[in-house]
Structures are given as C-alpha cells and as structure tokens.
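Q: Sequence:
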Amino acid sequence: MASTQDAWYISLLGLAEHFRTSNPPDIKSCIQCLQAVFNFKPPQRVEARTHLQLGNILLTHTKNIDLARTHLEQSWCLSQTITGFDDVKFEAASVLAELFEQQGQPTHSKPILRKAIELSQHSVYWHCRLIFQLAQIHATEREYEVASSLLGVGVDYAQISNAAYTRVLFLLSRVMLLLIDKKIQEVLPLLNQAGHLVETWAGSPHQKEYLKVFFLVLQVCHYLMAGQVKSVKPCLKQLQQSIQTIMAPTWPDDDAVCGSASGESFVWLSRQQLYVLVYLVTVMHSAQAGYMDKAHKYTEKALAQIDKLTSSEEASEGSGAGAGGSGSVRGCAALAWRLRMALLEHAALCRLNR
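As numbered in the numbering used here, residues -8 to 345 make up the sequence shown, in order.
Keep in mind that the hints were calculated from the coordinates and are not lab data. Treat each hint with caution, since some may be false.
Computed cross-link-like contacts, BS3-like style, restricted to lysine-lysine with a CA-CA straight-line distance of at most 25 Å [as the list claims (entries may be wrong)]:
hint, residue 1, residue 2
1, Lys224, Lys288
2, Lys19, Lys32
3, Lys288, Lys221
4, Lys106, Lys173
5, Lys224, Lys199
6, Lys299, Lys221
7, Lys221, Lys285
Use the sequences and the hints to build the structure in full.
A: This is the structure we're talking about:
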C-alpha cells in the first residue's frame, strides 16, 4: 500500500498530465504540479523522469531555456546510475545534447552523446539514434572524417543487430558525407554496396522504395559532381518514378514505413521533404545540362512545394503536438530554409548563364 507521501506525488503527476492534455493545455499549472513533486522526495526514477518532463515542457512551451537545461542535466545525471531506464536516460541525453548544439555549444553535446552511446549498446534503437545524432553534430562542424567513422560503426552495429534497414541508412548517410567532403573516389564502392543491398532487398516494399529514393538522390549527385551529366538521365527518371510512388495517397505514413522493429524507427527525410529534394536534384541536372528554362520551371514548382511544407510544419508547431516535438519542427524549418536557399542559388546561376 502506498504511503501518504507516495500518494501525494502520484496525485501531482496525474494532475500535471491532466493539465497538459486539457484543451487548451494549462501549461503553467502543469509545470507547478511537476515542480511540487520534488517536495515529497520521490524515488530516483520518478525524480529523473519528472526532471525530463519539465525540461521538455519548458523547451516546448516557454522561453526559459536555462531552467529547461538545468532539469535536463539533472535527469541525465540521475538516470545514468539506474539500470534498465533507457527511455528516460537516453532521451535526456539526446534532448540535452540537441539543446547545447542549438545554443552554439557543440563541445558540450559531444561528451554527453559519447557517454550515452557507451551506455546504450544493449538498446538497438537508442544506440543507432545517438550515433546518428553525434555524427550529425560532427558533420555540422565539418569534422567529416570523425562523422564518417561514426557512421561506419553504425553500419557494423546495425548488421550485427540484424537491423537491415538501419544498416542501409547508415551506409547511405556515409556516402552522403563523402560526397559533401568531395571524396568522390571513396564514394563509388560504398554506393555500389548500397545499391546492391537496395536491389536485393527482401523486406518491406515500402522500406525498399524509401531507400531507393535515398540511393538514387546520391547517385544523381555523384554523377553531377563527377561531371557525368549524360549518365544522370536514367537515374533521374527512376528517381522521379519512385517519388511519384511515395507521394501517392495510398502510401503509408512515415511511421508505418519504419515498421515495428525498435531498431528501425528512422527516416532520413519525410516524404514531403523528399519530394522537394527530387525537384532540387532535377534543377541541378537541368542547370548543368544547359536546360535553363526547364531549371527555372522546376525551381518555381519546388519553391511552391517548400511553401506548403513550411505552412504544414508551422501548423504542427502551433498545435503543440507532443512535449518533445519542438526539436524536429525546428529541424524541419531549418531544412526547408536550406532547400529554398539551394534552389534560389541555382535559379540565380541559371539567370547568369542565359
């Protein structure tokens, strides 16, 4: 039977959830209830989880970033010594590292993620997710060799863990980094390996199509960077056919494409983002092949699609869907901005070359 003290903090947690899920949510009362939980000295697990909840809610619904960071740091610190507390432990590490990165302090993010990767080797989902996150930070810092090495570790780990879909994602992500780093000679063997894995894919047909789009985007970019413009056409045709398949109304949501296996819950880009990206590589090809009018036409279509994408993401953010969803919304907005800039850059080059 729960003690009076237990009953108090359990009631406060229930009340906090009631306020959070009310319509409209009463975030102030939710935060007050969660903060009051600490007055009753709850067990370490409850304390760590409550700090994580507070950190996420403060990040999503307030501008009190410093307090959010403090709660996330406490959650990460407390949960590290708790056995089998993966979701709280690794979410705290992931969100805290993301926050430091957003504040321009990636040097604080890296040791947190390295420690979390070390602790998460038994959890396929978290281990892969944290490797992806740390690799992305190194790539943003232009530390491409470190990022590529991490993705290589991910390829091997996913293979050992029988996470075939995630293995190909790691492999294609590594190819993408090598292209960014302009290591064209190193790209081909990995691209061929990825192409073989996609071609012989025996799993979900939805996953195969998704991986195929990722692979074909990289193949088109590889040909363009190598100056092999004539080789692009068949790949681009396949890519445009695949994206039409993915954009069909009958195509399942991104979550359904991932499947139920915990180690395979990853998408590179949403299908709407992939749609814009296919337009972008089409613009790149048209510009490089000298079809300036075509490039201009595709640029206009892509910019209209980005406007739709941005509007839907702003609507998602405004609805407050999910306490931990703000990071992905910010990431989508940043990606939309980058795609827009890339398109405008190509449009300017096309005008200069007319």
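Q: Hints first: check each against the structure and report whether it holds.
A: Right, here's what the structure says about each hint:
{"no.": "1", "hint": "Lys224 <-> Lys288", "verdict": "holds, 18 Å"}
{"no.": "2", "hint": "Lys19 <-> Lys32", "verdict": "holds, 22 Å"}
{"no.": "3", "hint": "Lys288 <-> Lys221", "verdict": "holds, 21 Å"}
{"no.": "4", "hint": "Lys106 <-> Lys173", "verdict": "violated, 31 Å"}
{"no.": "5", "hint": "Lys224 <-> Lys199", "verdict": "holds, 21 Å"}
{"no.": "6", "hint": "Lys299 <-> Lys221", "verdict": "violated, 32 Å"}
{"no.": "7", "hint": "Lys221 <-> Lys285", "verdict": "holds, 16 Å"}
In summary, the numbered hints that this structure violates are 4 and 6.
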